[in-house]
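**Q** Residue-level listing of the chains:
Protein chains: 2
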Amino acid sequence: MNIISFPEKEQWPALLARPVFEAKDIEEKVLPILAQVKEQGDEGIRILARKFDQTELSDLAFSEAEMAAAEEKLDHELKEAIHQAYRNIYAFHKTQLQPSEKIETMPGVTCWRRSVGIEKVGIYIPGGSAPLFSTVLMLGIPAQIAGCREVVLCTPSDHPAILYAAKLVGVTKAFRIGGAQAVAAMAYGTESVPKVYKIFGPGNQYVTTAKMLISKEGIAIDMPAGPSEVAVYADDTAVPDFVAADLLSQAEHGPDSQVILVSESLTLLESVNTALQSQLEKLPRKELAARSIANSKAILVRSQEEAILLLNRYAAEHLILSIQNAEAVSEKIINAGSIFLGNYTPESCGDYASGTNHTLPTNGYAKAYSGVSVDSFVKKITVQSITEQGIRNIGPTVQAMAAAESLDAHKMAVSIRLESLLQ
Amino acid sequence: MNIISFPEKEQWPALLARPVFEAKDIEEKVLPILAQVKEQGDEGIRILARKFDQTELSDLAFSEAEMAAAEEKLDHELKEAIHQAYRNIYAFHKTQLQPSEKIETMPGVTCWRRSVGIEKVGIYIPGGSAPLFSTVLMLGIPAQIAGCREVVLCTPSDHPAILYAAKLVGVTKAFRIGGAQAVAAMAYGTESVPKVYKIFGPGNQYVTTAKMLISKEGIAIDMPAGPSEVAVYADDTAVPDFVAADLLSQAEHGPDSQVILVSESLTLLESVNTALQSQLEKLPRKELAARSIANSKAILVRSQEEAILLLNRYAAEHLILSIQNAEAVSEKIINAGSIFLGNYTPESCGDYASGTNHTLPTNGYAKAYSGVSVDSFVKKITVQSITEQGIRNIGPTVQAMAAAESLDAHKMAVSIRLESLLQ
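These protein sequence lines are chains A and B, in that order. Quick note on my numbering: the first sequence kicks off at 4 and runs consecutively. Quick note on my numbering: the second sequence kicks off at 4 and runs consecutively.
Do not take every clue at face value.
Put simply, identical chains are the same to the list, so a pair is met inside one copy or across any two.
What the hints assert, rightly or not - Derived DSSO-like pairs (lysine-lysine); straight-line CA-CA distance at most 27 Å: (1) K54 / K105; (2) K12 / K335; (3) K383 / K123; (4) K32 / K198; (5) K54 / K32; (6) K198 / K335.
No lab work stands behind these hints, which were simulated from the structure alone.
Turn these sequences into a full structure, and let the hints guide you.
**A** Take a look at the structure:
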């Protein structure tokens, strides 16, 4: 890692900048895919699978038998691990459901909010080298807790762990559809695939561009996407070998991965660099990780105050605080997706099983966006109920405000009720 | 109103369809405005104000003196009404802050969520005939409760009630900037206007298109926008005069407004129609409302079950239940922005002062989106802390899952810690 010593604040924007991708070209490729699925439905999906994936899709849906057979194919240890992760993720997300509380804002005027699961949601899980069954858990469990009635899964992978996790979280329909056409299928609906109201999940640039495009049409999406990233803030209490391992676990996602290490200790930065070299040697995906590490930055700062300022400016998806008083410092972090405290909380625990969600805001979006949670799968409907006494109490306020906004009919809706009560 | 008797389900999509606007043309007009503000900052804003509004903007910011003087200009009754609305909205929104709760998902593995106010937010308030000071309250109060540090307001209006409300909710900087250029100023920042991370507020099609465009660049927005709408479900316990007044208070927003009345009683529908005619006569904005009412639909249905199905399909921004057992029926509503129960809860009370928020999902977006709340102004950052015992407990689960996803470095980040604990 390149060590940058005491950069001035004017250098921070360049230092913390994320790579910028040109979306325009990809949009032009994705738009016809969306149109074809919208117009031709299932047949459009089959044509696109032939064209892009050289795949002949006879049945779009995974059968019940296929779903059931997935369990047989999993080894016992992995099945147990999936169950343990399920329990932890479920336990943490369960507490995110907010109970409805009635508030009497003034006598006779009562307001409350009801959390209602989004009726139909879609989950996309990409194919490729890593079968992301963990993401099935991360998206399916909050959907299950939220009470979504229809949970549709699209994935080009038939890995048994994906199908098994899908069954566990109560996916109602699963389809072997990949790419931008899967997003289109769930956004518009086809003969086989139900139209959903919100689409979740990771994917390549075609998938994420398709999500951005359908979100312009009013279909909700989880959040805008960018390459995964980690920032580590470490002091001399950190174990360099642990820090190096955490940086590498981010770097193995690919050369786009963003890795930043911040410290007030040059010794620590140098020790981590040494540890990185020796651990890199042992990794099967060594080349991939090495390229990402070469792009990453080790930043030496003057003080903890400066470190916190820089980390808040960066707004990391994952932030590891390998420092003394990690919890106290975490209270000063205002921009991050998920925070990991101390020497024994590697990011990979949050990626799989600690209980928190691993679908998190990248690319600095943590300044305004939260990670996925049960909130992402519910709508909160407000309700109000006003009694005769209530309208007498609140009426004059509404009349005065409506009149001042020149909305006469708004005022009349109150006046007509108040007058009826005088009779 | 046109009464449609017992429409078949196949007719529902056409009956419940919203008007579709062609965004492409407007995008082409808005893109150069965004670019000009991005490149030229304050000077770009001044040039655009000259061009579009024939206005010479010397000071972009409202001065402290102007903000203070606003209070003097307001009459006592309106000031009192604003204060009453403030108290009710504050009381209801205050309960939306979710406390942080630590969950031990397995021994030694603790997870929690911290709600943190988005550091910098922007509020847009349009000019035009209605000075929407109520919207300043609806957006500013949750920002205040969330603890947003910088709350920027842009508005082309200098109505004292807008400036007074802005002061009340703690707006930190207010600017006399209107239109798409205001959205651009808050999205990119200029010499005067701070760059914010999320932009809220209503506006014309230029403003809402600007919001959609900047949201593609990663600036968050409150929600996609469409024309305002109300659905009323009424039975023979409803007062036709009240229902008519509620429909008109929606209709006066303009000819785009969507108004739907649903009932199992033809008598009720006919009585409402009669009441509408006589109330329309008394309205100053009579022509506007009449055009909107002419486009609206009174739908006669066979049963309550059918009514609920239709209302959930429509997903109204505002839903008034003027029926017996309104609260029990409201529990069966899964798609709506805000619900108003019984004869004495007109929509206008929610628009101004009941306590609920009036920034709500239109255009059927209530199927996936919630109205604005304190949630809209916070991010929830997850935190996890794992002890030595905790990593022993959770480690094997993470190792098995990482191995199955072929993410070796993820596995190593756990292995290296477990091995160190064996020594």
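**Q** Of the hints stated earlier, which fail here?
**A** 1
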